[in-house]
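Student: Could you build the full structure based on these sequences and the hints that come with them?
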Amino acid sequence: MRALRRSKLFVPGNKPELMRKALRSQADSLSLDLEDAVPLAQKAHARAEVRAFLDDADCRDREIVVRVNSRDSGLLLADLMSTAPAQPNVVNIPKVESARDLQFADDVLTHLEHEYEIAPGSIRLMPTFESARGIRLAVEICQSSPRVVALQFGMGDLKASTGTASRPDILRSIRLQLVLAAAECGIDALDSAYPDFSDSAGFAADCAEARALGFRGKSCIHPSQVAMCNSSFLPSTDEIEDARALIQAYEEARSAGTGAINFKGRLVDEAHWLDARRLLACLAPH
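First residue of the sequence shown: 1, per the numbering used here; consecutive thereafter.
Warning: the hint list may mix true and false statements.
[What the hints assert, rightly or not] Straight-line C-alpha distance at most 30 Å; calculated DSBU-like pairs for lysine-lysine: (1) 95 - 43; (2) 159 - 264; (3) 15 - 159; (4) 21 - 43; (5) 43 - 15; (6) 43 - 159; (7) 95 - 15; (8) 21 - 95.
Derived by calculation from the structure, the hints in this document are not laboratory data.
Tutor: Structure representation (structure tokens):
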């Protein structure tokens, strides 16, 4: 069963008090950050703090993601060697631009799983796409490792490298490209964080846009964003009732030998039935 990934809350890996505090949030996933939130001089300290946090069984009530540093940074191997033995659910690789980036991480994880008697393949991967090259090669990259369970869009670095404005109308085609890549690979697509956590209206609109495009969830940079994120990526009561009624009506008609029906004045066929089932699937407990 797929994990529910409506909200993924970033927490600095060098701040143990904030990691503990994050456990009181309702975020579906916690992302312990060794990358952007941690100064270079504190990387080793952050690795130790993340390892200690992962070793505590109290943190295992939800999916735990570790965002490591990119392969090009020269820090990735140390990040994996320090934290993977404690078995995070997912390792988030930032700034991915080639299949080699994921294959390197996969090889290291395979070695560590063997060394520490961890179930093979149980530590999963989530690449973040935040460059023109990475986005263009997203499908090839995600298919390069069976560990990949989701992809993440990274708007900040894309904007820095391309000058792309962070307006919804401009981002729409880029976001959709990643949603389609995720769908082709059978994995989840998670949207980029919304940087202004004081702008609740803007965040709500951004969540609505992301869900409409097909993202299954979104990164959060502040606990105040989690509740809105969770509610935004679940269907409304009306949507749920409509989906259930559609499924029942279509299945009854199909049993009678009909492949398409008039449902509330709409033509409904197997594609609509599958979409309704997909909508209800996100309600299942993870």
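Student: Holds or violated: residue 43 and residue 15, Cα atoms, limit 30 Å.
Tutor: The hint holds at about 12 Å.
Student: Decide if the proposed pair is consistent with the structure: residue 43 and residue 159, CA atoms, cutoff 30 Å inclusive.
Tutor: Holds, because 25 Å separates the two Cα atoms, which is no more than 30 Å.
Student: For the pair supplied as a hint, residue 21 and residue 43, is the alpha-carbon distance within the 30 Å limit?
Tutor: holds, 21 Å
Student: Hinted pair, alpha-carbon criterion (30 Å max): residue 95, residue 43. Please report holds or violated.
Tutor: holds, 18 Å
Student: What's the verdict on residue 95 and residue 15, does the C-alpha distance respect the 30 Å limit or exceed it?
Tutor: holds, 23 Å
Student: Can you confirm whether the C-alpha distance between residue 15 and residue 159 stays at or below 30 Å?
Tutor: With Cα atoms ~28 Å apart, residue 15 and residue 159 stay inside 30 Å; holds.
Student: Has the given pair, residue 21 with residue 95, been kept, meaning a C-alpha gap of at most 30 Å?
Tutor: Holds, at roughly 28 Å.
Student: Given the hinted pair residue 159 and residue 264, is their alpha-carbon gap at most 30 Å?
Tutor: Not OK: residue 159 and residue 264 at ~44 Å, beyond 30 Å, violated.
The structure fails to meet hint 2 from the earlier list, while all remaining hints are met.
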